[in-house]
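Protein chains in written order, with my numbering: chain F, 1 to 284; chain Y, 1001 to 1284; chain W, 2001 to 2284; chain V, 3001 to 3284.
If you are wondering where the hints come from, they were derived from the structure by calculation, not from laboratory data. Owing to the predicted nature of the structure, the values given are computational and were not obtained by experimental measurement.
Below, simulated DSS-like cross-link-like pairs (lysine-lysine); rule was C-alpha separation at most 30 angstroms, straight line:
1. V:3246 - W:2015
2. F:186 - W:2095
3. W:2066 - W:2095
4. W:2261 - V:3148
5. W:2022 - V:3246
6. V:3186 - Y:1178
7. F:218 - F:243
8. Y:1148 - Y:1218
9. W:2218 - V:3022
10. W:2022 - V:3225
11. V:3089 - V:3280
12. W:2261 - V:3015
13. Y:1186 - V:3095
14. Y:1203 - W:2148
15. W:2261 - V:3261
16. V:3095 - Y:1178
17. F:186 - F:223
18. W:2203 - V:3015
19. Y:1225 - F:15
20. F:66 - F:82
21. Y:1261 - V:3186
22. F:67 - F:22
23. V:3280 - Y:1186
24. V:3178 - Y:1006
25. V:3220 - Y:1280
26. V:3220 - W:2026
27. Y:1218 - F:22
28. F:148 - Y:1261
29. F:95 - F:82
30. F:186 - W:2148
31. F:15 - Y:1148
32. F:15 - Y:1203
Number of protein chains: 4
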Amino acid sequence: MKSDNKIFSVLGGDKRSYYLAKAFIKDGYEVRCTGFDMLSQNCCTLDEALKGDILIFPVIPFSEGKKIATPLSKDSLDLETKGNLLADKIIFSGKTEMLFKEFPALKKDKVFSYSDREIFSVQNAVPTAEGAITEAVLNSDKTLNGSKVLVCGYGRIGKVLSEMLRGIGAEVTVSARKSSDLAWIKLNGLDSVVTGEFAEIGKFDYIFNTVPSLVFDKEKLSKMKSDVLFIDLASKPGGVDFKSAKDLGINAIHALALPGKYSPRSAGEIIESTIITILKEEDG
Amino acid sequence: MKSDNKIFSVLGGDKRSYYLAKAFIKDGYEVRCTGFDMLSQNCCTLDEALKGDILIFPVIPFSEGKKIATPLSKDSLDLETKGNLLADKIIFSGKTEMLFKEFPALKKDKVFSYSDREIFSVQNAVPTAEGAITEAVLNSDKTLNGSKVLVCGYGRIGKVLSEMLRGIGAEVTVSARKSSDLAWIKLNGLDSVVTGEFAEIGKFDYIFNTVPSLVFDKEKLSKMKSDVLFIDLASKPGGVDFKSAKDLGINAIHALALPGKYSPRSAGEIIESTIITILKEEDG
Amino acid sequence: MKSDNKIFSVLGGDKRSYYLAKAFIKDGYEVRCTGFDMLSQNCCTLDEALKGDILIFPVIPFSEGKKIATPLSKDSLDLETKGNLLADKIIFSGKTEMLFKEFPALKKDKVFSYSDREIFSVQNAVPTAEGAITEAVLNSDKTLNGSKVLVCGYGRIGKVLSEMLRGIGAEVTVSARKSSDLAWIKLNGLDSVVTGEFAEIGKFDYIFNTVPSLVFDKEKLSKMKSDVLFIDLASKPGGVDFKSAKDLGINAIHALALPGKYSPRSAGEIIESTIITILKEEDG
Amino acid sequence: MKSDNKIFSVLGGDKRSYYLAKAFIKDGYEVRCTGFDMLSQNCCTLDEALKGDILIFPVIPFSEGKKIATPLSKDSLDLETKGNLLADKIIFSGKTEMLFKEFPALKKDKVFSYSDREIFSVQNAVPTAEGAITEAVLNSDKTLNGSKVLVCGYGRIGKVLSEMLRGIGAEVTVSARKSSDLAWIKLNGLDSVVTGEFAEIGKFDYIFNTVPSLVFDKEKLSKMKSDVLFIDLASKPGGVDFKSAKDLGINAIHALALPGKYSPRSAGEIIESTIITILKEEDG
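The shape of chain F in the complex, shown without the other chains (with noise of 0.2 angstroms):
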């Protein structure tokens, strides 16, 4: 499929949408847009859009059956009775089984989830964690600069946070699982621990948990710093027991979608980068 003549349209979604349809527009692409009209005038109807031949839908494309999430209109976009106009059409969404699941006679090979990729994953490591640090900033009194922070996890968000932090002249002691990752750690010259094996857990003025499992429950919880700031970026239902948290008075923060609250622009370019390179992959 060569998109180089192709019409590429952007079905709602929130700010990121906004600025992945400017990045096409900037990289010479002809886009349209619907949904985003308390942004932009140049939004064409939802059917108009529906005649492009890339139809590009948000991260969690639906807020309602068949409705498409548009936070940044005051009309709704409803699928209800358009399910024919989207055969045929290239589809990219991030949660694609929800697609799937709206719209099932939709073929395989023609709808992609941009989220899945390696390439934006990594790439969206950096707004997540520079999100993070934003919200530790914002919710609490002290600077990074001179806090031990501990770090729950050493993939890829892991990864870019530890250094960001360290970077900021934060005392870093990042957590992991296998051996190797250990390794890695501590010849990048940060201090390594096994997760879950939390001897010094008390010293701790910071804690971003990127394990998307029940690490820090009510026993490890009462171990902590009373004033520790605890943010969670593992989506839900989290790393954390959130309750044991608020009973024992401890601040802890379940931040998520980052990437769309601090930087929307970075994220929407991740999207389009992503898009292009798939749609480079499939014409290849």
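The hints should help you fit chains Y, W and V onto chain F, whose structure is shown.
Relative to the frame of chain F, chains Y, W and V by itself:
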């Protein structure tokens, strides 16, 4: 003057003064507070506080006339009729010239400025730099990582800020005038440019100014990216022509008092440790 | 197999094996050594050593036939007539295929390669990178700080080496092929380029290659600076056309076995900890 | 004094002077050299060189009496009978006091020391630090990465060296005396300690000294690890009791003149740029 058995009285101020009082308490000193009733119950009256041996005023001691700045109290602390109670006290403040103006009888060898000290300025550069980064994230839709950033000036704040920005992954250029500063910038692995000679000013996504003179005039502003974010950290009137910036549609923020805004606890602890250092020097 | 009461026999090898033996001793294991008489008196005979439970050969076990590599001994350790003594022993080496070739009766589940392990390769990248930097300093008249450096390949060695070079203040470009690796390079604040597509190859003062295929052919060599220093870290035959380099007057060094050359103690300790990890896995 | 049409004569010296001459040539100046016949054919006689307008001596100008230091020549360059040829020349050297001692008639406003300049000292800290790291690698069997390192003194060399060591992944502690220096060390993310108050001196694998006074006496040496590597960068007599070190079996190296030893080209270029800076100031 042996400070060990002295009473420290913290007179008004913002959250920095509140945390300054807490830091003294934590370090075992006897402390009286007044003017924080919105935060803490342990306040005494102004008269009781003035019986302390060491009186600590806010950085900017008075909000009006002889009224102590008390943003955290519903009541005012007016020294109008109490000047005689200051005699023979050890007094700390930031802008001590305001104290001498209102109370010309104060003795020079009893009044100390904590904000004049090198150790204060060095340490205070940290919350300033973290605050500047936070302002940058909150006022733009992009990530700092991967962005082109200019830091104008390589004094204390310029040094700390440029290292932090690099640590986050920005592409950092730093400007200075002295050839030895330019050499330091280069050998620290940053790009260097002579302040004012900004041939490539149009490439920057963010500009942080620390130089307190009009470096960024209309002509320079007109060559910047239209979506640059300009953050001026220099004290009033700052280093940018704000009017021209507004005319040109450039987002220029005069970001002052960042330590108190984002990191009052660290800022208060820095004041406390500076006061203790000064007292030790006087003892020694 | 419980290793606690076992006897570890270190059979020949260079200083890495010597330090490996010392590391076992320091960790409280019973150790027999043979083949280090030039360094230490505490050697036993080959026959005594072969009575140990766990036999540890050098990375490259044999120098010739069944003769154990013994650069630190005047005597040779020949296993020609002693193959039967290896039966039922736990055996470690680097190139275990050489062991199986000489002693086909060895059981696969008793012979382990420590150099095949991820944990070994990650940790061994450190002495390799430090050695590469040392070779660069010793073979040039310039400082790395301020120089333009290309690191070809972003595997383990490329990752460690590029961070160290940046830490010294070099201006580092890293090449890779995978789009996710290129994303990592960029977000880590380094310049990135696709391996092989070196449009600016003429600007580099130093090139470090880690890719084991002929990336740097005559055509690429002819575009390099004449005073570039080329350090090839890829195993034989390396990634550069050494003959053409010589013809062009380019200083190209095939720098192999750097851990043993510059950091044998660390290299030996890495082997020891890898062996202990393997034994624990087998126990577990 | 306009330097544009002047002849620069480089008189003797080691490889730094050779590269200094090459740097002048590269920058378009007319250059005469004498005393490098072991490296280059383009040498002239001493008499021809003395006809230049600007005479450049080595850092340490004389090896004996009025004989210019010429480690790269078989012939000697003796000024014994040529003092009158120096009159009215612009003269550069490092230790200009040696020039004035031998030729008291020289005019103070015509003789300049390049090594006294801040810009020289800052830049020269780089080859010194790289050389110190190289000495550390060559004189130990360990990697710096992961090692515990003390850098004594936070002047120019201490600053550059500690950042480089951190960049390689060492665990760096820096000592200083001034409270503002200690604050800088801490906020740069390094461990700090007051010079001389080395409670944990027994933990370090490497100690680099930059302080030119006897900090490391017998008592301190006796508390060090027996296999510590001590590298003294302070000018003679250095900062360590070398005799006691030897008695205690501690490997203490007095590593001087590192820029000339490991990076003569960079060192020569630093001298050249310093001379050009001085000439511009004199012109200006």
